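Student: The residues making up each chain are set out below.
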Amino acid sequence: MHFFSQTFKYDHPWSHVIIGMWHKYPNPHCTHVVTVDVVDRSVDPETGIVRTERVLGCKQKTPAWIVKLFGGSEDAFVREVSYIDPTAQTATITSVNLSLSQFATCLERIQYIPTSPCQTSFSQTAEIQARMAMWRSMADKMESWLVQRFEQNARLGKAGFSDVLRAMWETKQHEVAS
Amino acid sequence: MAHSLSPECTPLKHAYDSCFNSWFEGYLEPAIANSQKLSEGQRNEYAKRKAEEFEQNCGAVWGKYKECVQKALKDRGLDELLEQARQDNPLRTPPSSQPRRSP
Chain A
1 MHFFSQTFKY
11 DHPWSHVIIG
21 MWHKYPNPHC
31 THVVTVDVVD
41 RSVDPETGIV
51 RTERVLGCKQ
61 KTPAWIVKLF
71 GGSEDAFVRE
81 VSYIDPTAQT
91 ATITSVNLSL
101 SQFATCLERI
111 QYIPTSPCQT
121 SFSQTAEIQA
131 RMAMWRSMAD
141 KMESWLVQRF
151 EQNARLGKAG
161 FSDVLRAMWE
171 TKQHEVAS
Chain B
1 MAHSLSPECT
11 PLKHAYDSCF
21 NSWFEGYLEP
31 AIANSQKLSE
41 GQRNEYAKRK
51 AEEFEQNCGA
61 VWGKYKECVQ
71 KALKDRGLDE
81 LLEQARQDNP
91 LRTPPSSQPR
101 RSP
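Chains A and B, in that order, give the protein sequences.
Just so you know, we're using UniProt numbering here: the first sequence kicks off at 1 and counts up by one.
Just so you know, we're using UniProt numbering here: the second sequence kicks off at 1 and counts up by one.
Hint data in this document are derived by calculation from the structure and do not stem from the laboratory.
There may be inaccurate statements among the hints.
To be verified - A few chain A residues that don't get close to chain B, going by computed Cβ distances all over 10 Å: (1) Glu74; (2) Ala139; (3) Glu143; (4) Trp145; (5) Gln152; (6) Ala159.
As the list claims (entries may be wrong) - Residues from chain B that face chain A, not an exhaustive set, calculated with beta carbons under 10 Å: (7) Lys13; (8) Asp17; (9) Ile32; (10) Lys64; (11) Lys66; (12) Gln70; (13) Leu82; (14) Asn89; (15) Leu91.
These numbers were taken from a predicted model, which means no experiment stands behind them.
The beta-carbon is built from N, C-alpha and C at its ideal position, and this holds for glycine as well.
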């Protein structure tokens, strides 16, 4: 099992970050995410919590040994479930891979929380685990490849989302000012 | 806007996304403001009204898009993987979060 975590802050109010979430893709920094589909959504009429289940399609170079051994392809799909609670001002997003999930799972959890009226903290954790009884060194090798890829995507995701938020809200502020 | 996994669903997906985004952008900031100034009963009233409004505005396009995307998932064998993932981890309730300080 491998763990990954990071925390940082976006210089935008929580509401702007949460509205921006739905505009993150397509993103020139994150070209590995090619499709996004909503497969379920509900708005709780009592609590006002918005639950969204999406399937994200990713295309990313997979090492030849993984394709050979596990018969995967460059297309990988991820299930993502998000909860947005406007009363508590929390957003929690949980994701897990659908592709190759019989061999390894990557469970990611993201949380956006306001830390001030104009700042939002982002915290991300991931657990990466080879799932079946595998030859130990093979399992390690596979996990470390997944970790590397996850870390790379996490960096790109941060850069990509920062650009989206800047573009969205600076344009609007500009419009208001002029 | 990102594409659907099936090109034939993309126009429906874009129509649905636009509908959701415009509803959501009108919903979120008042909902946050309400959490500070309204009673629980008044907040529930707002949530109920907005949930109905979402259904009224976006329910029809959602129905069409959902039908299209479910077929696309099935065609790619993703429906079974999704079902398996739902069984492993339903995520039917909001994950518990740390207690938050009041703003």
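Student: Determine for every hint whether it applies to the structure shown.
Tutor: Taking the hints in turn, this is what the structure says about them:
1. Glu74: About 14 Å separates Glu74 of chain A from the closest Cβ of chain B, which puts it past 10 Å; holds.
2. Ala139: Non-interface label stands for Ala139 of chain A: nearest chain B Cβ at 20 Å, farther than 10 Å.
3. Glu143: holds (19 Å)
4. Trp145: Trp145 of chain A clear of chain B: closest Cβ-Cβ about 21 Å, beyond 10 Å.
5. Gln152: At roughly 20 Å from the nearest Cβ of chain B, Gln152 of chain A sits farther out than 10 Å, so the non-interface label holds.
6. Ala159: For Ala159 of chain A, whose nearest Cβ neighbour in chain B is about 17 Å away, the distance exceeds 10 Å, so it holds.
7. Lys13: holds (7 Å)
8. Asp17: At about 7 Å, which falls below the 10 Å cut-off, the nearest Cβ of chain A leaves the hint on Asp17 of chain B intact, so it holds.
9. Ile32: Interface hint status for Ile32 of chain B: holds (5 Å vs cutoff 10 Å).
10. Lys64: It is violated, given that the least Cβ distance between Lys64 of chain B and chain A is near 13 Å, above 10 Å.
11. Lys66: OK, holds: Lys66 of chain B within 10 Å of chain A, min 8 Å.
12. Gln70: holds (8 Å)
13. Leu82: holds (6 Å)
14. Asn89: holds (7 Å)
15. Leu91: holds (4 Å)
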